[in-house]
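Read top to bottom, the protein sequences are chains A, B and C. According to this note's numbering, the stretch in the first sequence is residues 504 to 786, in order. According to this note's numbering, the stretch in the second sequence is residues 504 to 786, in order. According to this note's numbering, the stretch in the third sequence is residues 504 to 786, in order.
Incorrect hints may appear among the rest.
Identical copies carry no separate label here, and so any pair may be met within one copy or between two of them.
Only pairs whose alpha carbons sit at most 27 angstroms apart, straight line, appear in this in silico DSS-like list of lysine-lysine [said to hold, decoys possible]: (1) 689 / 615; (2) 615 / 701; (3) 615 / 730; (4) 587 / 689; (5) 693 / 615; (6) 689 / 728; (7) 774 / 730; (8) 728 / 774; (9) 615 / 774; (10) 671 / 728; (11) 615 / 587; (12) 587 / 671.
To be clear, the hints were calculated from the coordinates, so they are not data collected in a lab.
Given next are the chains, with one letter for each unit.
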Amino acid sequence: FWSVVFLCVAPKVSLSRLGELRNRAKFIGRSCKEVKDRYGQAEDGLYYLTTSTGVVYQTFCDMTTAGGGWTLVASVHEDNIYGKCMNGDRWTSQQGNNANWPQGEGNWANRKTFGTVEAATDDDFKNPGYYDIDAEDMSVWHRRFLHLYGGNLYYLFHRYPVEYNVGKHLSDNGPSIPIVYDLGDKESTKMFYSPNTKGETEGGFISFRAINHERAATAICSGVKPKGGNVEHYCIGGGGFFPEGNPLQCGDFTGFAWSGYGTHIGFSVSKQMLESAVLLFYR
Amino acid sequence: FWSVVFLCVAPKVSLSRLGELRNRAKFIGRSCKEVKDRYGQAEDGLYYLTTSTGVVYQTFCDMTTAGGGWTLVASVHEDNIYGKCMNGDRWTSQQGNNANWPQGEGNWANRKTFGTVEAATDDDFKNPGYYDIDAEDMSVWHRRFLHLYGGNLYYLFHRYPVEYNVGKHLSDNGPSIPIVYDLGDKESTKMFYSPNTKGETEGGFISFRAINHERAATAICSGVKPKGGNVEHYCIGGGGFFPEGNPLQCGDFTGFAWSGYGTHIGFSVSKQMLESAVLLFYR
Amino acid sequence: FWSVVFLCVAPKVSLSRLGELRNRAKFIGRSCKEVKDRYGQAEDGLYYLTTSTGVVYQTFCDMTTAGGGWTLVASVHEDNIYGKCMNGDRWTSQQGNNANWPQGEGNWANRKTFGTVEAATDDDFKNPGYYDIDAEDMSVWHRRFLHLYGGNLYYLFHRYPVEYNVGKHLSDNGPSIPIVYDLGDKESTKMFYSPNTKGETEGGFISFRAINHERAATAICSGVKPKGGNVEHYCIGGGGFFPEGNPLQCGDFTGFAWSGYGTHIGFSVSKQMLESAVLLFYR
Numbered sequence: 504f505w506s507v508v509f510l511c512v513a514p515k516v517s518l519s520r521l522g523e524l525r526n527r528a529k530f531i532g533r534s535c536k537e538v539k540d541r542y543g544q545a546e547d548g549l550y551y552l553t554t555s556t557g558v559v560y561q562t563f564c565d566m567t568t569a570g571g572g573w574t575l576v577a578s579v580h581e582d583n584i585y586g587k588c589m590n591g592d593r594w595t596s597q598q599g600n601n602a603n604w605p606q607g608e609g610n611w612a613n614r615k616t617f618g619t620v621e622a623a624t625d626d627d628f629k630n631p632g633y634y635d636i637d638a639e640d641m642s643v644w645h646r647r648f649l650h651l652y653g654g655n656l657y658y659l660f661h662r663y664p665v666e667y668n669v670g671k672h673l674s675d676n677g678p679s680i681p682i683v684y685d686l687g688d689k690e691s692t693k694m695f696y697s698p699n700t701k702g703e704t705e706g707g708f709i710s711f712r713a714i715n716h717e718r719a720a721t722a723i724c725s726g727v728k729p730k731g732g733n734v735e736h737y738c739i740g741g742g743g744f745f746p747e748g749n750p751l752q753c754g755d756f757t758g759f760a761w762s763g764y765g766t767h768i769g770f771s772v773s774k775q776m777l778e779s780a781v782l783l784f785y786r
Numbered sequence: 504f505w506s507v508v509f510l511c512v513a514p515k516v517s518l519s520r521l522g523e524l525r526n527r528a529k530f531i532g533r534s535c536k537e538v539k540d541r542y543g544q545a546e547d548g549l550y551y552l553t554t555s556t557g558v559v560y561q562t563f564c565d566m567t568t569a570g571g572g573w574t575l576v577a578s579v580h581e582d583n584i585y586g587k588c589m590n591g592d593r594w595t596s597q598q599g600n601n602a603n604w605p606q607g608e609g610n611w612a613n614r615k616t617f618g619t620v621e622a623a624t625d626d627d628f629k630n631p632g633y634y635d636i637d638a639e640d641m642s643v644w645h646r647r648f649l650h651l652y653g654g655n656l657y658y659l660f661h662r663y664p665v666e667y668n669v670g671k672h673l674s675d676n677g678p679s680i681p682i683v684y685d686l687g688d689k690e691s692t693k694m695f696y697s698p699n700t701k702g703e704t705e706g707g708f709i710s711f712r713a714i715n716h717e718r719a720a721t722a723i724c725s726g727v728k729p730k731g732g733n734v735e736h737y738c739i740g741g742g743g744f745f746p747e748g749n750p751l752q753c754g755d756f757t758g759f760a761w762s763g764y765g766t767h768i769g770f771s772v773s774k775q776m777l778e779s780a781v782l783l784f785y786r
Numbered sequence: 504f505w506s507v508v509f510l511c512v513a514p515k516v517s518l519s520r521l522g523e524l525r526n527r528a529k530f531i532g533r534s535c536k537e538v539k540d541r542y543g544q545a546e547d548g549l550y551y552l553t554t555s556t557g558v559v560y561q562t563f564c565d566m567t568t569a570g571g572g573w574t575l576v577a578s579v580h581e582d583n584i585y586g587k588c589m590n591g592d593r594w595t596s597q598q599g600n601n602a603n604w605p606q607g608e609g610n611w612a613n614r615k616t617f618g619t620v621e622a623a624t625d626d627d628f629k630n631p632g633y634y635d636i637d638a639e640d641m642s643v644w645h646r647r648f649l650h651l652y653g654g655n656l657y658y659l660f661h662r663y664p665v666e667y668n669v670g671k672h673l674s675d676n677g678p679s680i681p682i683v684y685d686l687g688d689k690e691s692t693k694m695f696y697s698p699n700t701k702g703e704t705e706g707g708f709i710s711f712r713a714i715n716h717e718r719a720a721t722a723i724c725s726g727v728k729p730k731g732g733n734v735e736h737y738c739i740g741g742g743g744f745f746p747e748g749n750p751l752q753c754g755d756f757t758g759f760a761w762s763g764y765g766t767h768i769g770f771s772v773s774k775q776m777l778e779s780a781v782l783l784f785y786r
């Protein structure tokens, strides 16, 4: 089991609907889990967290789903599928499709932060929790897995760099972890992806550092495990270079509009998915 | 009457001159109006505000002009009139002039925020007040108008999207609202714009979502109401595509340097205006 | 003597190693010097500072080196030496190499801020201390020099604009100030730069607004004083246009990879320096 909950295809308004959110400056912790455990806070909403060095930030805590204590640490949003590795492609490259910059922005494995919690469904988002929250703050049945990878995505992507030409498809992919669904199931997740890639994926997993046929690396395949090398159609984020159809695959949502914008035919995902944001939580 | 006060052609140093600004962490409210009414704060300066979800931010409150209680929520600044929809054109597009991205950055109608209050006259600026402050926080004679458009610019631009090809000049423009001048008057405002457009504008208004001859949409015409379709010479911000002279009009200050940088001849505005920032306040 | 301490070639992990950093919200001051003097704080770590207008921010205080009281106000990091004045070149230009935009981003002499303290070694960084901290906060033997230039880099670069075509190499350079080494010495500093420029520099100085043969302006030469006009190989940051080899020199680390990436031959610096961040502290 894996401690990242994906609310993929999140409705644009989801965060603003989440109850009577209040400023809770007194209940500060290293993670939502700590806030919940230490202070008994049970309401969804914004809380103050602190990093180990004392940087204070606000983020959203899901205190009710599956036991609560989930910290929103990041979101991935494709602002413009026609802009290929341009401004706004922070999880890939904002400097074009360039083989000389194989890791691109490198935000999967650095301490840069961007975006805001209130715009997390409108924009890319990454807060200090991404690199600061560790296995100490996890519940028991999650700790075992995270222990292997250092406790968070920051360390996972240090071990499995998201970088062009780092390896071969399937053989050099990062880990695929079984997931528990809070919403939907294996089949409903696959439905959102493109028709042509259904046969290439296995539902019920979250996969990391998936490599495509042309040796380009993507970062996260939400809900599926790749069984082939067309990963750019169902995995998000990536390094700084995608050779095939240069620069068509270069962007936060890679080749999600390969057969047209939101057409849901061929290699294109649904419009609903193309315009969504992928939210990442830790616990 | 309209509740946005435009301090157009603001001197670069204006914010730093505004009195003995102090940290006022105790007097927190949803808007400057609330801070003034609830705590009797009467000094211009930085105050802490909070959104409905508890995001805390600092911004400048004008507590003295026309009754006070004005919240600085945004500013529009053209960093480089030669950079056509490049980095820094946050109120238009930072990804070039592109018909496939008709709404561009979309910042007129999303929850992204950027810039800082102290750099508001040097840089684009947008804080959570832009989308969070609503008619509850307005004085009586303003409430009536804002009620029509949902209480702030965020909702107004949801109703009137700033997007290429959304309609025709004049017939599909958004609202033009009569304004009350705190400084200057109808004629002095028009003087700053280009000579060639004086006949095309009527002073004493603020106008929204003005469309040009080529179906490009601009966001705000400060101080004037368009009477024709050359709106790119006196209206700011916009969507992601301006067909005429591609890409010359694409940028936060659109076609303000059409007849040379700050020449104030033909279709060019004065140097003073080109280098200014437009500050937006709510009450 | 000069009050800016350069920790050039800072190890990527340096900030996170710096002791038991704690949130110290009670000990607020205008600078680390003030926090140290007023509250007797002697531990390295993050502290809250405030600007004169009341903007509150966190930054790193070095409370132990050479008497302590050093405020981290900025860092310069080259994210992609192959991206010539593209995204991420905040200390130069993010809009290409362009003679029509001679000052580029202008961040050396404006109030924009960017980056975060925890990512200061991974990313460009500039906080309000850059423009807010002044000579009042300096120790006696530093005050004399800073007085000449207005108390900080913000004022220094107002007096010596970092702008293409502002003058001629050597004759129009800004000041070169003798430095005291906390680590390393004249010779070890020069070793990091390229072999071909050793004869052109004199160690033991920090220099500002150094101009090259082609009239391009760089911002800071850390550890050296130029004796010629190839300053793009040992000075960082700059204006918006570098004529020679257009656009090869345009970027935060200018021509540091002129003879290949990290080769340390010809005009290239070492890989260690190319991948470092330059941290700027005030006192």
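For each hint, the structure was consulted:
1. 689 / 615: Neither. Shortest intra-copy (33 angstroms) and inter-copy (33 angstroms) distances fail the 27 angstroms Cα cut-off.
2. 615 / 701: neither (34 angstroms within a copy, 34 angstroms between copies)
3. 615 / 730: For residue 615 and residue 730, neither the intra-copy (32 angstroms) nor the inter-copy (37 angstroms) Cα distance is at most 27 angstroms.
4. 587 / 689: neither (30 angstroms within a copy, 45 angstroms between copies)
5. 693 / 615: neither (32 angstroms within a copy, 30 angstroms between copies)
6. 689 / 728: within (11 angstroms within a copy, 55 angstroms between copies)
7. 774 / 730: For residue 774 and residue 730, the Cα distance is within 27 angstroms only inside one copy (24 angstroms; across copies 38 angstroms).
8. 728 / 774: Classified as within: same-chain Cα gap 22 angstroms, cross-chain 37 angstroms, threshold 27 angstroms.
9. 615 / 774: between (30 angstroms within a copy, 22 angstroms between copies)
10. 671 / 728: within (16 angstroms within a copy, 48 angstroms between copies)
11. 615 / 587: both (21 angstroms within a copy, 21 angstroms between copies)
12. 587 / 671: within (23 angstroms within a copy, 30 angstroms between copies)
Comparing the model with each earlier hint shows violations of hints 1, 2, 3, 4 and 5; every other hint is respected.
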